[in-house]
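*Asks:* Sequence:
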Amino acid sequence: MAAKSKHLRIGVDVGGTNTDGALIDPARASEPDKGILAWHKTATTADPSDGINEAIAALLSSASVDPTQVASVTIGTTHFVNAVVERDADRLAKVAVIRLCGPFSKHVPPCVDWPDNVRELVLGYYVLVDGGLEVDGSLIREIDEEEVRRECRAIRDLGIRSVVVNGVFSPIDTVERQEERAAEIVREEIPGCDVVCSKEVANLGFLERENAAILNASILAFARRTIRSFQEPVHRLGLSCPVLITQNDGTVLSGEAAARLPIRTFSSGPTNSMRGAAFLVQGQLKEAVMVVDIGGTTSDVGLLLANGFPRQQAAYSELAGVRMNFSCPDIKSIGLGGGSIVRPGAHLTVGPDSVGYRLTKDAKVFGGDVLTATDCSVSADPSIKIGNRDLVANVLNEDELGEFKEVVKHKLEKIIDTMKTSPVDLPVLLVGGGAVIAPDGLKGASKVLKPRWSEVANAIGAAMAGVSAVVDTVKDTEKKTTTELLEEIKLQAIEKAVEAGASRESVKIVEVDTLPLQYIANKSRFIVRAAGDFDYSRTLADSGVPEAPDEHEAVKQHNKPAKGRGEQQKTEVDIATYRPDVRDRTWYISETDLEWITIGCYILGTGGGGSPYSSMIRLRQMLRSGAVVRVVNPVDLADDALVGCGGGAGSPTVGIEKLSGDEMLEAQRELAGVCDKAPTHMIAIEIGGMNGLQSMILGASSNMDVPTVDGDWMGRAYPTKWQTTPVVFKERDIIWSPVAVADGNGNVVLMTKATSDLQVEKIIRASLAQMGSSVGCADAPVTGAETKRWVVEHTISQSWRIGRAVANARQSNRVGKVAEAIIDECGGSDAAKVLWKGKIVGVERTLRMGHIYGELIIEGGAVTDEETDLDNPFQGKIKIPFKNENIAAIRMRDDDNLAPERQEDVLAIVPDLISLIDAQNGEAIGTPEYRYGLLVIVLGIAASNRWTGTQRGIKIGGPEGFGFDHLQYQPLGKFVKPVSVIDEFDTR
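Here this note's numbering is used: the first residue of the sequence shown is 448, the next is one more, and so on.
Quick caveat, the hints were computed from the structure, so don't treat them as lab data.
Honestly, I wouldn't trust all of these hints.
Beta-carbon label-pair distances, calculated as ranges [said to hold, decoys possible]:
1) K1200 to N564: 54 to 60 angstroms
2) G1193 to R1261: 49 to 55 angstroms
3) N1319 to V1075: 36 to 42 angstroms
Listed below are the simulated BS3-like cross-link pairs for lysine-lysine, each with C-alpha atoms no more than 27 angstroms apart in a straight line [what the hints assert, rightly or not]:
4) K1280 to K1326
5) K779 to K733
6) K1200 to K1264
7) K894 to K733
8) K1421 to K1235
9) K1421 to K1280
10) K856 to K922
11) K922 to K779
12) K890 to K1402
13) K922 to K890
14) K733 to K955
15) K1235 to K1124
16) K858 to K890
17) K1424 to K1280
18) K1326 to K1235
19) K927 to K955
20) K852 to K832
21) K1402 to K1424
22) K943 to K955
23) K1264 to K1280
24) K832 to K488
25) K856 to K867
26) K867 to K1326
27) K943 to K890
28) K858 to K1124
29) K1424 to K1235
30) K1264 to K1235
The model shown is predicted, which means the values in this text are computed figures rather than measured ones.
All C-beta atoms in this analysis are idealised placements derived from N, C-alpha and C, irrespective of residue type, glycine included.
Let the hints inform the model, and build the full structure from the sequences given.
*Replies:* Structure follows, in structure tokens:
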């Protein structure tokens, strides 16, 4: 008798509450029953293998199928992510980190931004050694093998059995293979240990990749035990097939691969639901689909792209307070579910609080005494057969039921609109047990579908998952065209997918992205994703996951402290009573002050300047190491004081991978040798963005130890060095020469003479490409008398006040009023105003001469739950052109594409500040983060009179300085000088 073919698939999703299962015949997927032969839902057990065993046994019994016909069992699980979220010391092992970085990243050690309890639990040791690459593939430093061996012996002596190796630009390292070479040494010196190369875990983004690799290494021993526990019931039931594990992008890993890279499974649950929902409506849709999974407490919303994969988060994800850059679906959640508590009144509310898993006990429809969304839905719709409808017959009157429906409808429409990638209506799929509360029609939805079997969509998605692979690399475009390089990278991605288990004939390219790199000649970043079906013919059974030596001892280690200084616990600050430390006309910066200043700096960046996050982390480390950051009022400067200036310049792509070393200090030292005079104070070239903190970093360094001036040369961020107030006043022929530029790796450029400040800018930009595309700059000191005439005063104070306002709005749950709070701190309604509120509906970018140019379009509308579109005064659209920073806010007309901007439509224009903040949290949004769907508030803030007081200032910093010669500057309000923190809080 011929053997029966292996063609059936089993999907199992092991959740915190339930374990769901589905048995599918893919050959019958086009039939009305979708080939779903059986489904089962059972309670998750303490030992997950028991629940898996019960689910699979029930499926086989219900469908009466022969186990030999099963081609695969695919499991989705939250076990690995729960180990991290719950900070479980029994499941997390200590990890040692070896960085291959040379002189870079020393100021941002591993796990520096982790919550204290997670870092103390996981990080056992770290060391920075020679190694690392530049963005062009050239060496920062060669590996010193003896240095690595010496550190391995120290790790071994501590009893640590999990090691991460992380090298600068390792994801593009295909020649030197530094991480692999270091890993071989680790295995030789510490036999049987777990070694994780960061490039295997995630792509470009040094700190975030390292974080992901550390968490991955920490749960390896637990992952092996867990996956073996998944394989045991499969074998026990007589199935001879591979056990696969779903990962974050909706595809699968073999059990062996998942045991090496468990972190890739962390967000697979929502993805399984999305893929399962799409499978249930296959054939009906051939476009992107919005999936809304409504549970008892929340509604999780994600976008399933036309290629069949969930849209991924643009840059970073966060888990247990740890920031990472591994692939993760872009999911948004709102407090709306079947158990959401309904409160009638003048304004009926639904949620966000919920009875959750107590629904069948607490809801009125089940005899309880809490009014829930399920109760109201059953009362309003006789076709919903849940509980006892007689118990909810009169819970709300007809008007209240109508209001309930409108509230639910509005909440769903708003979250769906936020997740869309274009204004076009999309199909919406409703899944989950709480889907009964949703209406049959939604604004923004071309159709609303509630498919059958949606309660086990997660198991169905697991059963039907495919295989994928990503290549993320930087290539030289000088000798080969972008098209030629793309074809080569596509072939690499296809081969990588086949190696991961995909059948070659099924693999397709599903994602391609090409990003030219700023300030880097002939270099582009390529990101290509390939995906296909799992090739069952290559593996008929699981080879199993081997048990590593001492595996059960890996997490039973002494709680050894990490090498280096310990971190302080963050305490909640009473914002209303907090007073900064100001003594004798000097402000001593605390961690609280730094946090608020950082928030304000990015808002004052007007879209540019780069995120100050990494600079904040560095300065916070300095404070915790005993550094003293002093800030003084510019009015107190002696006329003969020498005020130096310094900051960073370079490509954002390099900045996320090659973290700063001592390049800024090196530039200062070299310049001091030329100038033959050292600064007595430091000042920021721009308060906006990351350079807003550099003057404090330099001033507080042990090499300088000088105060920082409460002010800067821009009062914001500008894209070029000649757009500064000293150039506006032009009391000298040239301001920014001499200047020093250092790359932090031993290369320094000194420019002792120049013909103009504009020429200085051009030469520095040209040097960038040959110096690793990231440099520190130092400018010659100016006198205290000059500083007092040129400075934009009290901008550190202004940043502090803006940040305090945002922090207070969050702490008091009044983020909806954050814009008004910021306006109050910037001089009130005469000096600042809300220019617009709405949603980003369009953004275009292009790279020219090292700067990012573009245009943003925002459609007016409500941005908080308290607002409605009818109440919103901002109707229509505005556009915001930008050159690194925002240039103007201009109301659009119907003929906008046919005519240039009109003066009467200008809401605000440079040099006035135009800043975008996220309406959901009050954070600044920089131009690299602009994307469709963000709900934003556009703020306008009057520029300093250092810019607006003269025609030269308006010419350099105004419309003409950005090529908008057809528009004239019109002040949006009257500038109010920021109140000095020193003047207000001095205790003398």
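*Asks:* Compare the structure with each hint and give your call.
*Replies:* Tested hints:
no., hint, verdict
1, K1200 to N564: 54 to 60 angstroms, "holds, 55 angstroms"
2, G1193 to R1261: 49 to 55 angstroms, "holds, 51 angstroms"
3, N1319 to V1075: 36 to 42 angstroms, "violated, 48 angstroms"
4, K1280 to K1326, "holds, 17 angstroms"
5, K779 to K733, "holds, 23 angstroms"
6, K1200 to K1264, "violated, 51 angstroms"
7, K894 to K733, "holds, 13 angstroms"
8, K1421 to K1235, "holds, 21 angstroms"
9, K1421 to K1280, "holds, 11 angstroms"
10, K856 to K922, "violated, 48 angstroms"
11, K922 to K779, "violated, 34 angstroms"
12, K890 to K1402, "violated, 46 angstroms"
13, K922 to K890, "violated, 44 angstroms"
14, K733 to K955, "holds, 17 angstroms"
15, K1235 to K1124, "holds, 20 angstroms"
16, K858 to K890, "holds, 11 angstroms"
17, K1424 to K1280, "holds, 16 angstroms"
18, K1326 to K1235, "violated, 37 angstroms"
19, K927 to K955, "holds, 24 angstroms"
20, K852 to K832, "holds, 18 angstroms"
21, K1402 to K1424, "holds, 22 angstroms"
22, K943 to K955, "holds, 12 angstroms"
23, K1264 to K1280, "holds, 13 angstroms"
24, K832 to K488, "holds, 19 angstroms"
25, K856 to K867, "holds, 17 angstroms"
26, K867 to K1326, "holds, 19 angstroms"
27, K943 to K890, "violated, 42 angstroms"
28, K858 to K1124, "violated, 62 angstroms"
29, K1424 to K1235, "holds, 14 angstroms"
30, K1264 to K1235, "violated, 35 angstroms"
Consistency note: the structure conflicts with the earlier hints numbered 3, 6, 10, 11, 12, 13, 18, 27, 28, 30.
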